[in-house]
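Note that the protein sequences, when read in sequence, are chains E and A. Going by our numbering, 40 is the number at position 40 of the first sequence; the sequence numbering is gapless. To convert, take the position in the second sequence, counting from 1, and add 272; that gives our numbering.
Just so you know, the hints here were simulated from the structure itself, not pulled from any lab data. Heads up, the beta-carbon is just placed ideally off N, CA and C, and yes, glycines get one too. Misleading hints may appear alongside valid ones.
What the simulated footprint calls covered on chain E by chain A, stretch by stretch (three residues with Cβ under 8 Å from a Cβ of chain A suffice, anywhere in the stretch; the number is not a length) [to be verified]:
no. : segment
1   : 105-111
2   : 118-128
3   : 181-191
4   : 201-208
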Amino acid sequence: MSMENELQILWAAVVAYVLAGVTAVIGVILGKRPERTVLALSVAGLALHASSIGLRWERLGHGPFITMFEILSSNVLSLMLAYTLAYWRIPRIRASAAIVLPLMFVMLGWLMVAHPGEGHYPPTYNTPWLYIHIGLGKVFLGAVLVAVGVSCVILLRRAGIGLRRLTQLPGDRQLDELAFRCMAIGLVFHSLMLIAGAIWAQDAWGRYWDWDPLETWAFVTWLTVAFTLHARVAFRVSPAAHATMILAVFVIAFLTFFGVPFVSMTPHQGAV
Amino acid sequence: MNHDEVAPAGEGAGARMAADRSERGLLRRLASLRLTLGLLALLAVGILIAQRFEEARTWPIVVPLALLAANLLAAVATNGVFRRQTALLVFHLSLVALVLLVAAGRLTYLKGHVGITNGAGFDGELAIDERGPWHVGNLDAVRFTNDGFSVGYAPGWQRGATRNTVLWRDGDGRWQQSVIGDQEPLVLAGYRFYTTFNKGFAPTFGWQRDGATTVHGSVQLPSYPLNEFSQAAEWTPPGSRVAVWVMLDIDEVVIDPHAHSAFRLPQAYKLVVRVGDERHEMRPGDALRLPDGTLTFDGLRGWMGYRVFYDWTLPWLLAAGAVAVVSLGTHFWQKFAASPWNR
Ligand code: HEM
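Extracted from the complex, chain A is given alone in its bound form (with noise of 0.2 Å):
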């Protein structure tokens, strides 16, 4: 045999073997359980930063966990209790699987809010909304009608149960309705619509500039009765340039803090119009010009502010969640039964 022209291939195995083993070893030690549990305190104490800290939402709790499963990925390469115990091995996949759920939801979802006047309808547009980077929603073609809410109070106005009709439209383009509020949100599209404690009066408006056709509208009021001593707003009618300042002046109690009762219209109010210098009371069927058309004012209704999100990953988290807990179960459950704890 010529050694000579081994040798060169032994070589070359040879130092294939030693890359192998080091780069083994260098999984090996990214495995190691010693840096698990610092990850975990790391963990811990990136979240308590980022609760304490609005504007360290994001690293504090990334880092550690792509850590963590940079750490428990090797792990699973390299160490043998994976192998033998698989409900274990399952349980700790179900993490990875929930926390890249987690992050796919951050880099996709929507969360916004909408203030909407009963007969009205929501035209895709939100008054605040904050995005993942990648939301690709289809929010403008959603449609719905707030249909008219109560809210019950409870003696020292104690808010009770929520009922909201909405109508909205299906797959087939047929409107249905239907009843939502507390804990039931309306859903399309994958946009959830919840109610919230935060609704109120809303005086609505014929406007119509002059020349053009009349156009309807409302002005919603700071939220009732949060903001009981402060039902004032205001706004420019569509195209004008004018602004115009109301305020509802309530003369009766409308949520009686001594009694069960529930959320409704004033009967007994002014609505007070102040136009520059000039101050004026409107009562429904009143109109009020200005300087660059006619203002009409056609009565009081109520708003619904609803809160807005959107997640696709909902129950994919669920089901990675159940998952996890089912295996982490079955993996104790097995342990515990091969042998009594006072052995």
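Extracted from the complex, chain E is given alone in its bound form (with noise of 0.2 Å):
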């Protein structure tokens, strides 16, 4: 199998996404609920999506880890997967799927102008921890988009942008300890993928933290989450501001996941 398949299997995978959004938010505009038709369009690009990054996988002899690319294209899966659980096993929040979607088309517009070249698989990435640690970070980022969805549908229908179909949700109340929920989930993943990071890092570098940008920023997250989880617990602040915060935390967890292993130059980008 070349490059050329698996990003034509790719682009089928990015067409399903893109579908699966449109369908969503055509069906809060009309007021209609197509979601068999979202969960089944996710699927399939789910499946497509898996596979052009098993078929990567077994050309290049290593999981999808390395360039911005791949790391892009691996989030974007693990993502959605996240969502798409969500989707399925929560139905009173389904039409939260109009907001999350399209704020995935960001990341798959990302995804398809990187350059999709292999890169260099540092001797360090040899050992379980990688998958431990990188696993760990996913299922954070998943449970925070998922408060992401459930906290704009808040907003939403504050801002007045209330359409027939987001009034069926469930109401504020509800949806604000839904997302403090995903937050808790995230809150114990993250900690749990700082303490893997560690052990990783004491192995392959000989110190378990230094303050390199990428633990900085993620240690940055950490207080934000615990600052988020304080805030809601100590103030009752309302359900529009916690979901606010929501917000502003996974804005600094994508800095931090996309953003600073590509502007620094430091050590835990692997290589040399």
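Make one complex out of these two single chains by using the hints.
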């Protein structure tokens, strides 16, 4: 199999994701519930996407952890998987797909312009900690993405973009609780990711923590999650304020995951 | 009843109660969750400052952490939530434990580098080191020998696996052999020795100072292939007055950038030795007369640069981290299992 085939399959996956997102948006605008179509398209996209990543893995002999293209691609897959699971298991929040899926378009667009060439697989990656550390991070980001979807519903409703469909969702208080629970899960997995990362760093670089830019921003992200949880518990902040804080956490987490590794030249990039 | 006798006692109790109350009031205020939010934000700012300015590595982080710990301990003392929710309490206490362990680690750690030529031993001396003020390890007693290493390279000079054989003495004084590299350090008396990308060539010499016995040693040239074009170093033989400049002039491709390859010693090379204005080329076995002794070129060897790290808190940090995550998970589990989200 060549890279051409992998990219064609990836394109097909992207088309399926985009169709799922567009269908979800149209559903909300028209007040319809094309939920089975959205679910089917998302699952089709996931299957195609997973096989594209699998073929590339097979060809290169290593997982999608090195280049921007690979990291974006694998994160789109894990985020879509997290959201599709939530979509499937929690039918009452399905209308949030009209927000979350278009949000994914940003990453898809970025993925399509990233260079799909191959990178250097550093020797420090030959360890199970690679999968544990990265996998935990993906669960964290997925949980926060679901919280973001729910938060956007709260904010849109408040902004008066009430649309018939959104008013059918559970009330703000319940959505707020759901978003809070997603953030709680996120905190547990983020903590685990930091621990796994520290163990790996001790093995690979001889120090468990050194405040390199990625470590620094990952810790700041952790603090913002702690901040959000406390603010909600201590001040009973309104659902809208809580939702805004969750969006802020997502932005910081997103920049940490996809911005920092590509602007800094520190060892966290792995190579040499 | 005689009021005159009772009154002072009553006053004293009242004053004590008032003092108690104001003490508790202070503690309450210190335990404020509003303060927690402020301090969490302060810590985030401190971390970003510490990251930006290397000379401000300590205080911007230590001060908010100390305040957070005080804030938290005050909350543990006064906030009923922690008495009712054990898992939450355990979680927060393990955060304090983590902070204390990190502090203890910073006071007693050691970090350093040492380069060891193949066949030579570590003698307890580091080339560079940095240690906490209360470091009390037994580095002087640590001994091991670098028994040679291999480093694979993929096309494009992409470094692959490093395998380094080391010989070391165990607690009973017997020599043991292990292979370290990449993820695996050699751990002796709590000191962890990690192989690094930093490695290269080392011409070894015999040096006989006039009237003394011959000693052998090596000159570690700059890291290879990183410093491919500056394979030179200056060095003064032990006890000599003359500085010797040596350069390795390699006449072949050692690590082929277009093929799978490995780090190895060059076969075709010249060793250029300069003493003052004189320039010599030496082959293994050649001897050179210096003003105060005789220098013999024994041959070329490899050397490995090790990163050295000592921190006794590592297993405790891991344990505290594990307790933190398990108790955090338990807390949320109990809380969420008690009622569904869409109730
Ligand atoms: C520094 C990192 C910290 C993290 C990650 C953290 C995390 C948490 C979490 C996850 C909860 C549970 C929220 C819930 O289940 O409702 C919580 C609750 C709480 N935290 Fe922290 N905390 C931190 C620091 C502190 C500090 C410094 C204090 C000191 C005041 C504190 C005081 C509390 C209190 C009193 C609660 C219980 C609130 C309630 O349930 O009413 N935390 N914290």
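Unsatisfied constraints (hint numbers, rising): Per hint list: single violation, 1.
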